[in-house]
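Residue strings, one per chain:
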Amino acid sequence: MRGGKNPAAFLALFALVFVAVLLAAPFTGRETIRPGEIFGPEGTTRFFIFWTLRVPRLLVGLLAGASLSLAGLAFQTLFRNPLATPFTLGVSSGAAFGASLAVMLGLRGAFLGIDGTALAALAGALLVVFFLYGLSRRGGGMSTLHLLLAGVAVSYFFSALLLFMQYQADFTETYRVVRWLMGRLESIGYAGSLTILPAFVVGTIVLFFYRRELDLLATGDEIAQSRGVPVDAVRVRLFLAASFLTATSVAACGPIGFVGLVVPHILRMLLGLSHGPLVMGSVLVGGPFLVVCDAIARNVVPESELPVGIVTALLGGPFFLWLVVRRRG
Amino acid sequence: MLRIESLSFARGGRAILRGVSLSVAGGEFVALLGPNGAGKSTLLRHAAGVLPAPIGTIFLDGTDRARLSPREAARIVAYVPQGREPDIPYSAREIVAQARYPFLSTWRPAGAEDRMRVERALDRVGIAALADRVFSTLSGGEQQKVLLAAALAQDARLLLVDEPTTFLDPPFQEEIFRVLSDVCRRENLALLVATHEVNRALLAADRIVALRDGEVVREGAPGEIASAEALEAIYGVRFLLARHPNTDRLLIVPRAEGSA
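Residue numbers (our numbering), protein chains in the order written: chain A, 1 to 329; chain B, 330 to 589.
Do not take every clue at face value.
In silico contact screen, one side only, chain B against chain A (beta carbon under 7 Å); selected entries [what the hints assert, rightly or not]: (1) V379; (2) A382; (3) P399; (4) A403; (5) P410; (6) Q427; (7) Y430; (8) P431; (9) F432; (10) A562; (11) G565.
Computed Cβ-Cβ distance ranges for the label pairs, DEER-style [as the list claims (entries may be wrong)]: (12) A441(B) <-> V201(A): 28 to 36 Å; (13) R332(B) <-> V17(A): 28 to 36 Å; (14) W436(B) <-> V202(A): 17 to 25 Å.
Simulated from the structure, these hints should not be mistaken for laboratory data. Cβ atoms here follow ideal geometry from the backbone N, Cα and C, with glycine treated the same way.
Between the sequences and the hints, there should be enough to build the whole structure, so can you do that?
Following this line, the structure appears as structure tokens:
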């Protein structure tokens, strides 16, 4: 059934789509910009819209979409569970809580060139990942149902903490955090992209480097170990990479849901289950997917901009349900 | 090829293996017998490196397993788990191709040689026609063959096989044992097979090691094990034995209803 798949052809197609989105997105929107206008003169409105609003937004969308897709791919394989994603496992909530806490406490500054908010988000994400991993190891494995229920419980727990924090904070700050929690790409300048970029580069390299190990982990731990994979060490590195990818995306854009679910699943249908093509596909498709969702969000309600998280949730929710129903059948 | 020296292992306060020692040479087919819970699977899983390090030493091709990286060990020993694997989402060919892992790296991707070995392994166990089928859609016997083919593609010199015939009908059982004997003789593989099929072990194995309650209770050629006394020491039950019409070897037969 999977014998006839041709990953190379699909990847070439994805690369074309990627380039098309990259070239088209910053020119389109409420204000259509012609190619000649992007070279100046500086100070024009359109020059400003292009270089200060649209290009940063495009970049942060490409990076966050790719990172969340990669994280989803990794979590699904590591937990051997098709419904595991940063969002459904509560990893996004943990990261959101960490980031909000950092913002509310006024923790500014950076460490080793990584934004402080992103580090707080990383701490939150890691806490959730290793908590769930510990749970799933107890008693030799965890069913889909239990894992997802644990994820829901974790999400609720952190949502409650977030609500508590918002209740304590002043009105403007709360409004900002609420907007951020909906997941949005609107950023001015390149700070968001710079937050995600290191995690994206490291995460992509780690996942691609461990593509064969990921294949074997998807087959089974014992088989992987007997083929020579140092399973525990590899798994910890992959969990770190996936958490890093999730945390920096959440720090920059808020918890955008379902990208990490929809993209890996569509890729598996088209590319098969080999992680080499899947990692490349996640980068090529995840980014444009989020950018297109953002374009829909910007244009669907006139004179208003929906947060992109609402659009991905509207698309992803039914898809998630479909997966659940199909699995039961 | 495999030498185990006084291996002990306990889990949850219960001793599963108590000072087990055994060895398997290249080209030798050793059957591991013993009742359920005797420690056969645990022993194999330790030798395969899928359980954490026990007390005692496991030598692979003369080297202490603890001093080998997982990858180095995987070039010496391959493991065929029981056919009770959770659903594996890959096709048979993909699973067999994954077994080339210990020979591949970023700087040495899979090449023509690897693909040739994968196809040969699929042929060897007679599942070339099923190669593109997804594992979870195959029957128990076919799944067992896929796992065996994968172990062969790993090019190891020692094969550890855990109850290869548990869920298989008689023709499949016969075939699996024929393939095992065949690779053992022709490719000089060392073979350690845990099984409940006493008769197949008596017919196919060069030597039999029997475990009971985590200890070796009997060890010897099939002729020495095929006695009512030895089998009673292993299983705690008195068996009836009869001669095989072709080979004249003693095998166990079920007691007829009502006879003594």
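**OP:** Check each numbered hint against the structure and report the violated ones by number, ascending.
**Re:** 2, 9, 10, 11 and 13
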